[in-house]
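All chains, please: the whole structure from these sequences, using the hints.
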Amino acid sequence: MPADETPKHRYTSALANEIEHKWQDRWETEHVFWTPNRSGLLSEDPRGLASRPHLYVLDMFPYPSGVGLHVGHPLGYIATDVYARFQRMNQFNVLHAMGYDAFGLPAEQYAVQTGTHPRVTTEENIATYKRQLRALGVGHDPRRGIATTDVSYYKWTQWIFLQIYNSWYDDEADRARPIAQLVQEFRAGRFPTPDDIPFDDLGPLEQRELVDSRRLAYVAEASVNWCPGLGTVLANEEVTPEGLSERGNFPVYRRPLKQWMLHITAYADRLLDDLDTLDWSDSIKLIQRNWIGRSTGATVAFPVEGHAGVDIEVFTTRPDTLFGATYMVLAPDHPLVEVITANEWPGDDIFVDWESNPIDAWKGIFGLTDPPPEAVRRYREFALAKTDLERQSDAQVKTGVFTGAFATNPTNGSSIPIFVADYVLMGYGTGAIMAVPAHDQRDFEFAREFDLPIVPVIRPSAEWLADRAAGPTDATSWPEAYVGDGVAQGSSNGDVSLDGLHVDEAKQTITEWLARTGIGEASVTYKLRDWLFSRQRYWGEPFPIVYDDVGPVALPDDMLPVVLPEITDFEPKTSDDPDAQPEPPLARAIDWVEAELDLPGPVWAGHGQGRRAYLRETNTMPQWAGSCWYYLRYLDPTNEDEMVDRAVEQEWAEGTRPDGSPNAGIVDFYVGGVEHAVLHLLYARFWHKVLYDLGHVSTPEPFQRLVNQGYILAPAYTDERGMYVEAGEVEQRDGVYVHNGRSVTRELGKMGKSLKNSVSPDDIYRDYGADTFRLYEMFMGPLDKERPWNTADIVGVHRFLQRLWRNLVDEETGAVRVSDAPTDDETRRRLHRTIAAVRNDMASLSFNTAIARLFELNNHLTSVVARDGATPREVAMTLVLMVAPLAPHIAEELWERLGHDDTLTYETFPSADPAWLVEETVEVPVQINGKVRGRIQLAAGVDVAAHEAAARGDPRIAGLLSGVTVVEVKVVPGRIVNFVTA
RNA sequence: GCCCGAGUGGUGGAAUGGCAGACACGACGGACUCAAAAUCCGUUGCUCGCAAGGGCGUGAGGGUUCAAAUCCCUCCUCGGGCACCA
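Numbering (the working numbering), first residue to last: 298 to 1279.
Hint data in this document are derived by calculation from the structure and do not stem from the laboratory. Just so we're clear, the structure is a prediction, and the values are computed from it rather than from any experiment. Heads up, some of the hints might be wrong.
[As the list claims (entries may be wrong)] Derived DSS-like pairs: lysine-lysine, alpha-carbon spacing no greater than 27 Å straight-line: (1) Lys-555 <-> Lys-452; (2) Lys-824 <-> Lys-695; (3) Lys-1267 <-> Lys-582; (4) Lys-319 <-> Lys-452; (5) Lys-555 <-> Lys-870; (6) Lys-555 <-> Lys-319; (7) Lys-427 <-> Lys-1047.
[Unchecked claim] Label pairs and their in silico Cβ distance ranges: (8) Glu-482 <-> Gly-590: 36 to 46 Å; (9) Glu-325 <-> Ala-877: 23 to 33 Å; (10) Ser-1051 <-> Ala-517: 50 to 60 Å; (11) Asp-748 <-> Thr-666: 50 to 60 Å.
Ideal placement from N, C-alpha and C gives every residue a C-beta, glycine not left out.
Put into structure tokens, the structure is as follows:
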């Protein structure tokens, strides 16, 4: 369009950009979004906000990755900003800030790619993000935006690690307690000591081992996820179901390695139970519940024949089927395998009562000549070499090998063979099972494969048996295991009988018997594993840990921070060799690693050895460490003496849930991606609970209300090789999509680098302005639903802002177009209906419908302006205030032009006058047999009889009802009249 | 395989037992213009009909109800989580 024909004061992208820069500058220089604390370092409070009720609105902070933001990222940031601005106008003191999760793989990988030190790239990337977020107009308190890589921040990350390290979990009190109190408990004799020697009489080494064994952070040799492609070990949560690293899709291998672990499993029950106190979606609670994977059952000890005192302990959820256990299985890496494996195969006399002799099948898959130790060794080698992926794809066929050993079923004394098989995992339960093939499908398949007896001890339902033409006691005819409910049978010995009991009663009875006899006890098992907490990467928080010749020693608080040394060779040692050894880059910083320190007592902490040489821990903490507590640091970001001032923490912790009960979480409203369901959201809850137990925070949970924003999807295109092509270069011709002259296939995918379908917000700011961009993202659909990006749709919301502007400002002169004439009743009624609806929608995060209501009002206003030449001042001001949270720059500009000096940030959001919400007349649809046949106009509030009379009085309805018998008339006043005819 | 969630015009979506399709995009028509853009006004679920008006319609089938996109059952498709978890 030729610029000279555009009215001078039209709301174009140029004007939008001018307005936006002006207000972004003013917000910054006037400290508009500085949120005061009631006390402490950030208590400067010129606007008197600190006395207001507090509201903490939080986004999951981003990894500043190099390529900058795409339009999918700000969705949540806009939503929280709209909500925060709305609640500021509802007289809340709102805390809203944005920091950077800058340690970890993404930042480091980008640094490696570009050959630049990660500190440099991280700083550049943060600057880019800050610029892009500022251009978005978000109202963050800039003083509170920490980066996890700031030394002043990670000093406290290290401090929290020490808090965890210097704690133990008191199962009786069901909370973590300081390690010094553990020593008191040892002295008081609460826990056993080696040979019952009093704690103080133990040697320093024994004291230390005893204490270290109960710490919440510990070093252990465990089967861990080793990812040579990344050169580091990973937590279970960072490995995909396919056995690949979540970052980079490299293969992951299970390897026994000595690593730092955090004892998150101590919190399994609380992490599970406290979900009930949180306002999170059911789906994300379910993901966490499944991940924690609580199972209740019993542990049972099976004595191994010929090995006095050796029991195999199993966990089962079905103790009611104990009498049906006909064999046992140990995981290939179970420590007892070597102990119990026989030297020779048993003689045939074992099988005299069997229909056939299955011993050859039991000797494994590598031939019949190996004696048991060799057969078992070869099978273990075979099984442990499998990747998770192979193990899963092989899951259909059960494999295993007999150990030559037998155990005794403690219920009935029968002798049952012990196998090694890879369908039993060392990492779950006790790593050993009792196998009940009649009532467990996996055991059933294994038993079929190895000709093992199948003994039904639960009577299947008649229907189940009939469907399978099977008998209740002869399981040889069954096509599958019976896993349903039923009545126990064949389950009695001289001491206890389950026969005739239903499954639930049988479980209870046998569990009591197990406890009474000391054979077993009720038990709970979790899928959740302890958190593997060390990484062999450079770009992370150093551990505040050194080693003496015995093991790890924690540094005292006053030696923090342990600053990450500057090294030039920061690249991780990566390879594709699964047997490569992890090599932490920090090990190359020899001068840093070797430290001479004087660590004052106590002895049980490994201290008190005088000045001597130590070696620093060269692993670093994982990505998630810094994100576990950043929301606490936002509260008091400049405090050099404490993680957070207690009084400040407490002022933000106040608040109640909608039902009046106190908040369980300190953050009132948290928005972020669902991909963190079992990563950040679980880890942060764990750390918070430790801090809560130790008295450092006053709420048991971090995040009260959580919303997972939906992904923004965008068309992505693949060529004939299936490779993604740059979406911005694809053209549509005659209904087909073409890239460089070749036709490509269109799909819809999550916006991002890998699908080459990113759209940069910078382009949208330039072409439409940030207000249009914000409005578009909020108008696309409900916050928690995924939605496709469509640049063409943006003009709709841009036109709205243009019309809004035109209704209030003369496009030719730039003068405000408001009148002081009274507002007509129709407009005022619409205005108050809009206020009521918008208020409601904003509070419930239905920003898309709130915007639709504003469209409607503005469209009406357009006709008012066409008629009267101006907008009534009352309507103009109210509309501007309602638009303000969504499109704050244009609202500020209009507010100023309407004669106000100060920002509208702290103005009061409009409230509807109930008097103007009452309709004088209502239109009520009239149905005959549920089909709408007419409409009647009624005075508001008239009774049922008046509805029916008016409906019968309608000529069209009267005509349709003549000669018809009406059997019933349903009237919902103001809503519907329905005539039911014979 | 198990467990969640979702399926509504050409498109994004609205309506959570009471008028299906608010609002927006697109499309079509009109006004303005030499013309185009921009802007403004109107039409727009499908279908039969000149019209008045009728029929159909919320993934499919069934059910509950005076009344169902909404509640219940079965199935299909898509998305997500878990997956030999004892």
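Consistency of the hints with the structure:
For the hint pairing Lys-555 with Lys-452, the CA-to-CA distance comes to about 25 Å; that is within 27 Å, so the pair holds. Of the pairs offered as hints, the one joining Lys-824 and Lys-695 holds, with about 22 Å between alpha carbons and a cut-off of 27 Å not exceeded. Taking the CA atoms of Lys-1267 and Lys-582, the gap is about 42 Å. The hint is violated against a cut of 27 Å. Taking the CA atoms of Lys-319 and Lys-452, the gap is near 38 Å; set against the 27 Å cutoff, the hint is violated.
Simply put, Lys-555 and Lys-870 have alpha-carbon atoms about 18 Å apart, close enough for the 27 Å limit, and the pair holds. Restraint check: the Cα-Cα separation between Lys-555 and Lys-319 comes to about 57 Å, which exceeds 27 Å; the hinted pair is violated. Between the alpha carbons of Lys-427 and Lys-1047 the distance comes to roughly 23 Å, so the proposed pair stays at or under 27 Å and holds. Checked against the hint of 36 to 46 Å, the pair Glu-482 and Gly-590 fails, with Cβ atoms roughly 30 Å apart.
For the pair Glu-325 and Ala-877, the beta carbons lie near 50 Å from each other, so the given range of 23 to 33 Å is not met. The beta-carbon spacing between Ser-1051 and Ala-517, approximately 36 Å, falls outside the hinted interval of 50 to 60 Å. Evaluation of the 50 to 60 Å hint for Asp-748 and Thr-666 yields a failure: the beta carbon distance comes to about 20 Å.
In the structure shown, a violation is registered for the earlier hints numbered 3, 4, 6, 8, 9, 10, 11, in ascending order.
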